[in-house]
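Trainee: Work out the full structure: start from the sequences and follow the hints.
Going down the list, the sequences are from chains H and F.
What the first sequence shows, in this note's numbering, is residues 1 to 270, in sequence order.
What the second sequence shows, in this note's numbering, is residues 1 to 305, in sequence order.
There could be a bad hint or two in this list.
[To be verified] Coverage of chain H stretches by chain F, computed from C-beta distances (three or more under 8 Å per stretch; other residues unrestricted): (1) 8-17; (2) 80-93.
[To be verified] Far from chain H, some chain F residues (derived; all Cβ distances over 10 Å): (3) 12; (4) 106; (5) 166; (6) 232.
[Said to hold, decoys possible] Restraint-style ranges between C-beta atoms, simulated for each label pair: (7) F:15 <-> H:250: 20 to 26 Å; (8) H:173 <-> F:86: 41 to 47 Å; (9) F:15 <-> H:191: 38 to 44 Å.
Because the hints were derived from the structure by calculation, they are not lab data.
Since this is a predicted model, take the numbers as computed values, not measurements.
Yeah, the Cβ is synthetic: ideal placement off N, Cα and C, and Gly gets one too.
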Amino acid sequence: MNAFWHHLAFDFRTGVRNKQLLLMNYLFPLGFYLMMGFIMAAINPPFRQEIIPAMTVFAILAATLLGIPDPLVNARENGIFRSYKVNGVPSISILIIPALTTVLHLLIVTAVVVSTAPWLFDAPLPDNWLNFALIVGATACACSGLSVLIGVVSPSSRMTVLWSQLVFVPSMLLGGMMLPYSMLPAGAGRIAQLLPTTHAMNAFHGLAMGWAADFSAWGSVGVLAASGVIALALGVFLFSWDNRNTTRRGHPALAWLVLLPYILGALLFA
Amino acid sequence: MNTALVDVRELTKTYGDFVAVDSISFEVKQGEIIGLLGPNGAGKTSTLECLEGLRRPDRGRLRVAGVDPVGETRKLRNLIGVQLQTSGLPESITPDEAIRLFCAYHNVAPRLDLLDRLGLGERRSAQFYQLSTGQQRRLALALAIAHRPQVLILDEPTAGLDVATRVELHAMMRELQSGGATIIMATHDMAEAEQMSDRVAILLQGKIVHTGTPIEITATGAGLTKISVRTLAGNLALSLGGFPAVSHQVTKGEYSIYYSSDIGVTVPAIITQIAAQGDSLVDLRVERPSLEDRFLEITDPGGER
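Mentor: In structure tokens:
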């Protein structure tokens, strides 16, 4: 346990010390929050209502999908995992600790958003803080799990960017942060249900902000939590220590199983 | 020194059709330092990586400090220390953090004293990417020995190190050895192998082609011993008669240099000749063929196998 805390503390400091992670964890989400708050709220005043859930989800999305996979791939390519292995660092720590420290950074960003949005942009606060915290946790679990899985199965940095963007861009466009889910055409709505952000926004609306959810809000929390757990489990299962030693316990295509909770959610709750 | 702490039996490692290690067997006793020598691609690193549990052998039986590196990797980690050929650490980690982190995983108190001994004391708060290559190698070494392993596996331990750090590393290896540690070292540095190893094993194309003490290895070759002689009057250089067991001779400055296959007969003959000429011996040096000479002889495609 002592080793785990040492590792966690070191990794947390890295999130501030490393310029790329500092950008993804803090500067990008907070900069985007301020920009959206000042511009979108002026152009589209109803957006003020969405600022806290939307920018919280954005912070989670940016820090996890853009911040976690690439360092994992780089660490594998640069022999860092090999050094870890010969020194007894278990693979589960290598995968879980970056996810946990990212969540810690996210909580700080979320606290900044929640504490400044009401007086900067006249944004409403959640009316159920416990559910708000639960949904932040479930969304962080889903997105960090997915990010770890992308880092594990991506064969190179270039592919990591591709996979991350494959989730990030649709999430931004269809995930309920820019456009409400209810305004999407039926086909786009189906695709949106495969995205963690759609479920996060739906759960925030129904359980934390006191509005109507578009579909089962607790179902969305379940989908997020289940997909996070499945993604982390798949990440640990498919983990490989180095690029030269490509022996894996399973085919990387198994990573697609992470979509299972979203598909079930789309069938059950739509 | 009698217990075999590392036991390798018919180890084979292949990559596709390429046989990197071809059914090799050797053992290393407790407290022994063994040097693995061989040209690039000979199978040294693959052998070490199988012992470290980083690669799964295709065939063979391995025991390192009593455990199976394939099936008991968790036990193995606290028993062995490994310095990899390329030291990879997160670019933002400091030497201080690295020592604390890995010592915590080995469940031992952090050995920060090693940073001072390896000349990293003043760089303990620098980030890994800010360290020079030599400093990164030294840190990797400190991490390998911080938990006082029973078996230390070093892959090119002194590559990129300056002379002072090499001397310090060798002193530490001796210290670990005197504490009972077994050391397996792959190196291209023949002088280091000759100086540090109790035994060396020379690998070629995945097979061990020679094994023994450095003296045994050099003694078995066709290498000639170099005898350099300087006399007061310099008459020896003018002597036309050949000496027994000498294959050829050259003159270099005031020295006459003879290459002998049997110094037992050549040296007395030289001394007798000097006395017979009424000359006086000023200097006589005998240089045995080095491990490097023997290594080149063995690994030369036209040489002995």
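Trainee: Tell me, which hint numbers fail for this structure?
Mentor: 4
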